[in-house]
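Colleague: Sequence:
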Amino acid sequence: RYDPDRSLLMTYLGASEFMINESRNIKLRKGDRIKMTHLVVGQEMLVSNVVRDGNSLGGYRAAKDGGLTSIELIV
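Going by my numbering, the sequence shown opens with residue 14, and the numbers climb by one from there.
Simulated from the structure, these hints should not be mistaken for laboratory data. Accuracy of the hints is not assured; some may be wrong.
Keeping only pairs whose Cα atoms sit at most 25 Å apart, straight-line, the calculated DMTMM-like set for lysine to aspartate or glutamate is [what the hints assert, rightly or not]:
id	residue 1	residue 2
1	K43	D66
2	K77	D18
3	K40	D78
4	K77	D16
5	K43	E57
Given the sequences, and given the hints that come with them, work out the whole structure.
Modeller: This is the structure in structure tokens:
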């Protein structure tokens, strides 16, 4: 999660790749695959690549102002 009222739910696929399951108030969409190496509360989310419908959209930055406010691991 990050301000203002933005969140996403994703599944880890392995090899630093994630699948977006749900998104709220952000540009990433359900079904997008992203590649990133870390998530840190208080830091921005840096994605090295977004793949949507088989097409690479390049990198993505989120939570630039204030960083991530929370991370919840669901097992």
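Colleague: Hint by hint, note whether the structure agrees.
Modeller: Against the structure, the hints:
{"no.": "1", "hint": "K43 <-> D66", "in the structure": "11 Å, holds"}
{"no.": "2", "hint": "K77 <-> D18", "in the structure": "14 Å, holds"}
{"no.": "3", "hint": "K40 <-> D78", "in the structure": "16 Å, holds"}
{"no.": "4", "hint": "K77 <-> D16", "in the structure": "10 Å, holds"}
{"no.": "5", "hint": "K43 <-> E57", "in the structure": "20 Å, holds"}
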